[in-house]
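K.L.:
Given next are the chains, with one letter for each unit.
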Amino acid sequence: DVKVTQSSRYLVKRTGEKVFLECVQDMDHENMFWYRQDPGLGLRLIYFSYDVKMKEKGDIPEGYSVSREKKERFSLILESASTNQTSMYLCASRTRVEDTQYFGPGTRLTVL
Amino acid sequence: SQQGEEDPQALSIQEGENATMNCSYKTSINNLQWYRQNSGRGLVHLILIRSNEREKHSGRLRVTLDTSKKSSSLLITASRAADTASYFCATPFSGNTPLVFGKGTRLSVIA
Numbered sequence: 004d005v006k007v008t009q010s011s012r013y014l015v016k017r018t019g020e021k022v023f024l025e026c027v028q029d030m031d032h033e034n035m036f037w038y039r040q041d042p043g044l045g046l047r048l049i050y051f052s053y054d055v056k057m058k059e060k061g062d063i064p065e066g067y068s069v070s071r072e073k074k075e076r077f078s079l080i081l082e083s084a085s086t087n088q089t090s091m092y093l094c095a096s097r098t099r100v101e102d103t104q105y106f107g108p109g110t111r112l113t114v115l
Numbered sequence: 078s079q080q081g082e083e084d085p086q087a088l089s090i091q092e093g094e095n096a097t098m099n100c101s102y103k104t105s106i107n108n109l110q111w112y113r114q115n116s117g118r119g120l121v122h123l124i125l126i127r128s129n130e131r132e133k134h135s136g137r138l139r140v141t142l143d144t145s146k147k148s149s150s151l152l153i154t155a156s157r158a159a160d161t162a163s164y165f166c167a168t169p170f171s172g173n174t175p176l177v178f179g180k181g182t183r184l185s186v187i188a
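Just so you know, the sequences run in chain order A and B. Per my numbering, residue 4 is the first one in the first sequence, and the count goes up by one each step. Per my numbering, residue 78 is the first one in the second sequence, and the count goes up by one each step.
There may be inaccurate statements among the hints.
As a list, the in silico DSBU-like pairs of lysine-lysine whose alpha-carbon atoms are at most 30 Å apart [said to hold, decoys possible]:
#1 Lys21/A - Lys56/A
#2 Lys6/A - Lys133/B
#3 Lys180/B - Lys60/A
#4 Lys60/A - Lys133/B
#5 Lys133/B - Lys58/A
#6 Lys60/A - Lys73/A
#7 Lys16/A - Lys180/B
#8 Lys6/A - Lys146/B
#9 Lys73/A - Lys56/A
#10 Lys58/A - Lys103/B
#11 Lys180/B - Lys146/B
#12 Lys6/A - Lys60/A
#13 Lys58/A - Lys180/B
Keep in mind the hints are simulated off the structure, nothing from the lab.
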């Protein structure tokens, strides 16, 4: 079974802090994704990566950056957290040739 | 950038009844997928239907795809309380691009 894990289920941070959200997958998937999910807005793509050291902007990259130094790990970084980044963050992965995306359990981030 | 749109936004049914959710999309697709999300959790893949398929079954799930109408439906037969969740359709915009999700249908199955 594919396993995608995220470093925290719940996280509380203060405005201005630098926040790291970690995602690890154990199936040697090339592609990895970060989405945020907000009520009434559905899932929105923040950043994605087709392979190690590669990154592409999604629909809402402002205020975020990412790092993919190893194939299994894709990190989302909030350089200076703001209250409007309070959200559920979902990581996903898939192989290069498969269409199905596999999701982690999500991190609910609250920025005070 | 919204590709899929689910309808209805919310659905409440009794246990044992069938639940039907619909998805409309805008551009040509090579596949359409349905996912389930239990409250506060990640999404779980349910079923994928390719553009050359019209219908697909998986257990109590039946998915149809009408590419001429750019629409799909998900039918859950003999629903159970455990089916209570949000259901999303998702498509890639093109080729190997990331999936774009609709806003989902919230299904409540009352025991």
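K.L.:
All the hints need checking, so say for each whether the structure fits it.
P.N.:
Hints versus structure:
This hinted pair checks out: Lys21/A and Lys56/A have alpha carbons roughly 21 Å apart, not beyond 30 Å. In summary, the hint linking Lys6/A to Lys133/B is supported, as the alpha carbons are separated by about 26 Å, within the 30 Å threshold. In summary, the hint linking Lys180/B to Lys60/A is supported, as the alpha carbons are separated by about 21 Å, within the 30 Å threshold. For the proposed pair Lys60/A and Lys133/B, the alpha carbon gap of about 34 Å is over 30 Å, so the pair is violated.
A threshold of 30 Å between alpha carbons decides the hint, and for Lys133/B with Lys58/A the separation of about 34 Å lies outside it, so the pair is violated. Restraint check for Lys60/A and Lys73/A: satisfied, since their Cα atoms lie roughly 19 Å apart, inside the 30 Å limit. Straight-line distance between C-alpha atoms of Lys16/A and Lys180/B comes to about 27 Å, which keeps the hinted pair within the 30 Å bound. Between Lys6/A and Lys146/B the alpha-carbon distance is near 36 Å, which puts this suggested pair outside the 30 Å criterion.
A threshold of 30 Å between alpha carbons decides the hint, and for Lys73/A with Lys56/A the separation of about 8 Å falls inside it, so the pair holds. Distance check on the hinted pair: Lys58/A and Lys103/B sit about 26 Å apart at the alpha-carbon level, within 30 Å; holds. The suggested pairing of Lys180/B with Lys146/B holds, with an alpha-carbon distance near 20 Å, which does not exceed 30 Å. Annotation: proposed proximity of Lys6/A to Lys60/A holds, straight-line Cα distance about 24 Å (limit 30 Å).
Taking the CA atoms of Lys58/A and Lys180/B, the gap is about 25 Å. The hint holds against a cut of 30 Å.
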